[in-house]
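Q: Each chain, letter by letter, is given below.
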Amino acid sequence: MELLVSDARLGSGSSWLLGHAVAVFTFLYLPIAVLILYSFNGEGVGGFPPHHLTLDWYRTLFADGPIWDSVLNSLQVALAAMVISLTFGVPAALALERAQFPGKVLFRRLVLLPLILPGIITGLSLQMLFNVMGTRFSLLTVVLGHGTALISVATTEVFAGLQKLDRAQEEASLDLGANYWQTFWRITVPNLKLPIIGAALLIFTLSMDEIAVSFFLMGRNNTLPLEIWGRLRRGITPEINAVSSIIFVFSLVAIVFWYRLRARGESTT
Amino acid sequence: MFSRAYKTAVTLPPLLWVTVFLLIPYLLMFCYSFWSVSASQTIVHSWNLDNYGQLLRVDVYWQTLLRSMWIAARVTVFSLVLGYPLAYFLSFYAGKKKDLLYQLVIIPLWVSYLVRAYAWKTILGSDGVLNTMLQYVHLTKHPLEFLLYSPFAVVLTLTHIYTPFAFLPIYAALEHIPRNLVEASHDLGATPGQTFWKVILPLSIPGVVAGATFAFVLSLGDFLAPLLLGGPSGIMISNIVVSLFGAAYNWPLGAAISFCMLLLVVILLVFSERLEKKWSFS
Amino acid sequence: MTLLSIRNVAKQFGKNVVLRDISLDVAEGEFLTILGESGSGKTTLLRIIAGFETASAGEVWMGEERLDCQPPYRRRVNTVFQHYALFPHLTVEQNVAYGLRVAKRPEAEIASRVSEALEKVKMSAHAKSKPSKISGGQQQRIALARALVNRPRLLLLDEPLSALDANLRRQMQVELKSLQREVGISFIFVTHDQEEAMVMSDRIGLLRSGELEQVATPREIYGRPATAYAAQFIGHTNLLKGDVRGGMVRCGLLTWPAALPDGPALFSLRPENIRLAPETSEPGTVRVRGRVRHQAFHGATELIRVECGDGMVLVVRTPGSGGALDDVELEFSAPDAVPVRESPERI
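Residue numbers (this note's numbering), protein chains in the order written: chain A, 1 to 269; chain B, 1 to 282; chain C, 1 to 347.
Don't read these hints as lab results, they were simulated from the structure.
Treat the hints with care, as some may be off.
To be verified - The calculated DSSO-like cross-link candidates involving lysine-lysine, where the alpha carbons are at most 27 Å apart (straight line), are: (1) C:K177 <-> B:K277; (2) B:K277 <-> C:K104; (3) C:K15 <-> B:K198; (4) C:K120 <-> C:K177.
As the list claims (entries may be wrong) - Not everything, but these chain B residues come out facing chain C in the computed CB check (under 8 Å): (5) V77; (6) L188; (7) A190.
Virtual Cβ for every residue (Gly too), placed ideally from N, Cα, C.
Okay, chain A solo, but in the shape it has when bound (with noise of 0.2 Å):
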């Protein structure tokens, strides 16, 4: 049963819930909205009520070169992120899942603390071991750096997959004549297959996003987000509502659909 009570009994307690609740929506999305609102508005942010609504911003949105180069440095980066974080994660969670190893309880500590550490403290870090290693800073420190922080993501999301995993299907391959590796690539992958998307799906739309990493690793070229701050600093156009309302759809239909995925996962379990 759904309801608390049933139909006929919501009485003042859930009205009050319910008010709460719009409320909350309002708050959490009004922002947006005003931010979508106003990419529109011919006179700039700000002001109110908005007039003469025009997609001018759009149009210098397009022609702007350095935006364009900075989308298509977060794509190299996040595509790339989304590599190695999948590539070390995966394996993470199997280990964290099946071995006992000296250290595992460091390790998955470690692993996870990316996740919840002020991001700054891991650029940080990453900056100093550059230094001392003597790389030169670019794109491929800010893979280094987002790849490593999001190993977690990967770690979290298939790690939960293994445990909805039913160990009888992976025995019976054994059983029936496969060995490890043939039972591993046969039947456990395929079944990660649904939280390894998910979970590429989320490492891609975060590193997109990333700001604090590559705030301390990036060097000439920058990523969206730091092409946006830096613009910011210079003073607030409309041309940059018209970039967030754009990141914001994406946003929007990547997590529907990392979520309708996820859905589907759970409902073939």
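Following the hints, position chains B and C against chain A.
A: Below, chains B and C without anything else, positioned relative to chain A:
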């Protein structure tokens, strides 16, 4: 169950990567915190506790830390106040719309942080949407200055960012509560209100602790919102660290502060984990 | 004295009709079992009485008051849930005291009533334990104590024994029955296990696809089933199709007297009412010859399937003495073939 070779192949690569790119950098930062910077802007590798001493003695550092913790505390409280009833509503009253509403809550979570912080900046400024609107409807004559470049703006923005973070574990904990417990409570004579205080709330505490921890730790270490919206009165500890690695060039001191933050976070995590375990009953 | 009166209660979920026109009176102090397969609507009926569902039509009255208008926390009805629903964050003692605490009874009264209730279910030693630390059977007793301590006028039990293993189950059946006698309040017990229903109940209400097939004492339901379904659901039976003409039934090669109107008729004949026929039969018994197809050893008795020609197969229960049987001659008394109504398929 799996062979040694398989286990080694699976464990070794991530172990190595994490050691090189996580463990060693953190250790490096730890080491840096004991060194100092000379007048000619070079790092002197002499081991001392000066930096930590500075942290305690110099006003601006520990005051900022305290202010950051105060901001983080307020953000945590507001996030819980906003997030808990929302989670409760979704879990117990939303019926068929539960799934859709859940998606609506997590969407802002993943939409660019920068976008959202920027949105608030455009709203709260003296020429911003809110001020001009208030003047337009003649509620105010002059722009309200405190809205932007103040701790208020930082708390508001961070609450906006981290309320969904607080919501998630609370919602998960509430969903975990078997519905027949709620029915049993009603059956035994407790009204929905009494049922909430005696059954639902106690069983949801691990979720509340997790949500509060996320909100607190993440807002404590935040550097973007204070930079965009905090102004001079809204500076937080992370901004100081960033400047020490930038214009104020004092890496060892920055490392010391960073390491303290790391320690604080780890302690909070351990503490909250203990608390969650204590209050978990299933 | 009628305690609870269920009047024309119906329930549907969307297009799915779960209960149709249920009317039933529950007497004071009676142990009534609602018996039915899964999907029959028995749990829904219980939940309507408890207050967790509202009926789509009809009323439920307790004494002079209408029950179904009240929320569950105001009804003098308590429930023992199928999976016990003990509060994991409270001790056994606190669980049992819950209803009393909520009603703000004085502490001294709570303490004495709780210890009395725990003694009644023999769980006093576990008062300070948490539910996760005690076994399933013990949890079930606590669920019982928690409900009974509130002295409800009616106790509802939703398949409370289904999670227990067979031996524990039998033991609990006896204990529950004697407990009910002791406290003297009405119990409405829901189960799909017909043996359980027969052992424990004063009356059984057989529910099929949302309608009550028959409401009667166990003996009545067993000896005089009203419908084919009732006859088959409770115990084993043989269903014989026959044609009545002028007071005589013709069923294949068999014939016996029956005071029924002319036309097709259905009879229920219990396996234990069929015997291996002696040399000569008493007048009024029906003899039939057949070949044994299958013999199943059941300890004290044997169940044999006998093919009797014309496609008729009879299941016979005999004392488990004989060895292997082959061709046999069977007999039964005409009155033991009980006429039953057809049970049409319900959509």
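Q: Against the 27 Å threshold, does the CA-CA distance of B:K277 and C:K104 hold or violate the hint?
A: violated (31 Å)
Q: Decide if the proposed pair is consistent with the structure: C:K120 and C:K177, CA atoms, cutoff 27 Å inclusive.
A: It holds: about 13 Å lies between the C-alpha atoms, which stays within 27 Å.
Q: Less than 8 Å between beta-carbons is the criterion; does B:A190 satisfy it with respect to chain C?
A: Where the cut-off is 8 Å and the nearest Cβ of chain C is about 4 Å from B:A190, the hint holds.
Q: Does the alpha-carbon distance linking C:K177 and B:K277 stay inside the 27 Å limit?
A: Cα-Cα ~41 Å, so violated.
Q: Would you settle whether the hint for B:V77 is holds or violated, based on the nearest Cβ-Cβ distance to chain C being less than 8 Å?
A: violated (24 Å)
Q: If you draw a straight line from the CA of C:K15 to the CA of B:K198, is it 27 Å or shorter?
A: violated (37 Å)
Q: Classify the hint on B:L188 as holds or violated, based on whether any CB of chain C lies nearer than 8 Å to its CB.
A: With Cβ-Cβ at 4 Å, under 8 Å, it holds.
Hints 1, 2, 3 and 5 from the earlier list are contradicted by this structure; the remaining hints agree with it.
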